[in-house]
Amino acid sequence: MTALQARMATSKSGADFSASVMTIEIGPAHPAMHGIVRLTTQLDGELIVGMEPEIGYLHRGFEKESENSKWIQVIPYTDRLNYVSPLLCNIGYSMAVEKLYGIEAPRRAEFTRVIMGEISRITDHLTCLGAAAMEIGAFTFFLWFIKAREYLYELVEEMTGARLTTNWTRFGGNSMDLPDGFLSDLADRLSKLEGIMEECDKLLTRNKIFIDRVKDVGTISKEDALSYGFSGPMLRACGIPFDVRRADAYSVYDELDFEIPVGSTGDCFDRFLVRMEEIRQSTSIIKQAADKMPEGPFMTDERMLHYPDKKDVYGNIEGLIDHFKMVMEGHHPPAGEIYMPTEGGNGEMGFYLVSDGSGDPVRVRMRPPCFNFVQAMPLMTVGHYVADIVPIFGSVNMIGGELDR
Amino acid sequence: MSESIKSDEMNADREAGKLTALLKQKFPNDVLDFHAHRSDETVVIERDSLDSVCRFLRDDSRCAFEIMLDITAVDGLEMNMKPRFEMVYHFKSLTHASRIRLKVPLEEDDCRIASISPIWKSADWYERECFDMFGIIFEGHPDLRRILMYEEFEGHPLRKDYPIDKQQPLMELKEIEERHTYGREL
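Line by line, the protein sequences give chains U and C.
The opening residue of the first sequence carries number 1 in my numbering; numbering runs sequentially from there.
The opening residue of the second sequence carries number 1 in my numbering; numbering runs sequentially from there.
Chain U with its partners taken away, still in its complex shape (with noise of 0.2 angstroms):
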């Protein structure tokens, strides 16, 4: 706020303040917007004197859409949610409905969630730090991570079939099986990763110019930051060590073995560094998931929640009622309320469902962590010059599906 303060002091009164007061929008379409959100910035000279983010260009009904469809159909709403890690709003939602049911995936199904969705916090981190560091000048970084991404890309591909429209989990397990040889591919391609990770570690992390741009932009404190609602990286920048994964302990996250990277200042720098490091850490669960990987099935065998397999439907009536209602009625979980909390790439994604039992879902609720970060950009920004805007607002990572929902 120094420069504000600065300003302010030398500024003769009030009104002669006010009068030099411009005010700027930038986006919705902006590049430097990442989705569509319109920042009313008022600046003062290049100083930013006020700012207020306006959301909703992307809204589309989720929850509305989601509350009108089967509790099944709204898997592939989840993946337009945070586009950039699809598989993790995947899991989370189905996660959420198998709490409302009160039973678990299979170990393997477990294992290989953790698998997919650490891939998906990659591939989310990958593409918010080449983006921030493209905007602010290092095009290589951003060709490079973007290459590492793809690599993770084809592995999505590989198990799911879609690269972003993943529509991959069901309730009770996984629509598909570890495809043949793709454990080697994970391990050739997180060798792959882990080359670019320590090339671009060279290439920006020490790197004077970049520092400049980043280093005690945007800052925000520990107080600020929980008041706010902060979660995930963002806070964990602030030197919060609030992670979900080990928090609440979902999954099988309690059996492997992760640290939490944390920040000190809440700066833009810390944040590259916190997710930097988050990169790493889910590259090394990702191995210790592949290596306990058990044998077993990888959908629960639990009646009326997955479709029986062809060879019941067609050879007994038991199986051919079971896919009868299954696709007539749907899924009917028990009448209840749960809120789900998953480590998302953002942060804290939770998802909050009501059922009556009827099979048609009364609310389906999804708490966007990005939402908070958005809320928070006049806290960040004010004080700032324009230009520190495209760091600061490439460091929060905003995904539009995810916070207009």
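Note that these hints are calculated values from the structure, not bench results.
Hints may be right or wrong, so weigh each one.
With a cut-off of at most 20 angstroms between alpha-carbon atoms, the simulated SDA-like pairs for lysine to any residue come out as follows [as the list claims (entries may be wrong)]: (1) C/Lys82 - U/Ile24; (2) C/Lys166 - C/Glu78; (3) U/Lys64 - C/Arg159; (4) C/Lys121 - C/His141.
Stretch by stretch, here's where chain C covers chain U in the computed footprint (C-beta under 8 angstroms, at least three residues) [what the hints assert, rightly or not]: (5) 52 to 65; (6) 90 to 103; (7) 332 to 343; (8) 360 to 366.
Ranges of calculated distance between the beta carbons of each label pair, as one might list FRET restraints [claimed, not checked]: (9) C/Lys82 - U/Ser284: 49 to 59 angstroms; (10) U/Ala162 - C/Leu77: 34 to 44 angstroms; (11) U/Thr265 - C/Arg62: 30 to 40 angstroms; (12) C/Asn29 - U/Tyr385: 46 to 56 angstroms; (13) C/Asp48 - U/Gly239: 33 to 43 angstroms; (14) C/Asp33 - U/Lys215: 50 to 60 angstroms; (15) U/Ser191 - C/Gly140: 53 to 63 angstroms.
Since the structure is predicted, the reported quantities are computational estimates derived from the model, not experimental observations.
Glycine residues also receive a C-beta, built at the ideal position from the N, C-alpha and C atoms.
Go by the hints and put chain C onto chain U.
Showing chain C alone in chain U's frame:
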């Protein structure tokens, strides 16, 4: 599922957790109901006590809920819920690694509730969203406007009586001065 398992589950749901017991002791007249379905501690409270309960949750060392995670509402029109609306708040405590859910029933013809944005900043936008989607008025909110929909939008889309296929006219883009209220305090 056999009946005995079902009733065991029901009993577990009815067991008051530590936080529930604390709230019941502190606000004996305001706690209307509680449950712990799937071990999510849930306390239903009286509307007027929301502010004091929230302050207690944040400031008391036995609670220490630093993060207000989420605010949403449930429209119980199709479930014939009485009263029709229910506010749902989720909190997270890092100190005690605990979570709690507060629920506040709201009458349809009096959808008003105190804003908790003075207590947690994150409530500001969540309350705007809840106002936008459900038409619930948050008293004491500094800037209660629509957030995801546009100003001219009529109705509240997440209410169950709002038809999913209803169309509304496109709006002309307004001039910059009309779009924003710049008189607001920065």
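We went through each hint and held it up to the structure:
no. : hint                                    : verdict
1   : C/Lys82 - U/Ile24                       : violated (48 angstroms)
2   : C/Lys166 - C/Glu78                      : holds (19 angstroms)
3   : U/Lys64 - C/Arg159                      : holds (9 angstroms)
4   : C/Lys121 - C/His141                     : holds (11 angstroms)
5   : 52 to 65                                : holds (count 8)
6   : 90 to 103                               : holds (count 3)
7   : 332 to 343                              : holds (count 5)
8   : 360 to 366                              : holds (count 3)
9   : C/Lys82 - U/Ser284: 49 to 59 angstroms  : holds (52 angstroms)
10  : U/Ala162 - C/Leu77: 34 to 44 angstroms  : holds (37 angstroms)
11  : U/Thr265 - C/Arg62: 30 to 40 angstroms  : holds (31 angstroms)
12  : C/Asn29 - U/Tyr385: 46 to 56 angstroms  : holds (54 angstroms)
13  : C/Asp48 - U/Gly239: 33 to 43 angstroms  : holds (38 angstroms)
14  : C/Asp33 - U/Lys215: 50 to 60 angstroms  : holds (51 angstroms)
15  : U/Ser191 - C/Gly140: 53 to 63 angstroms : holds (56 angstroms)
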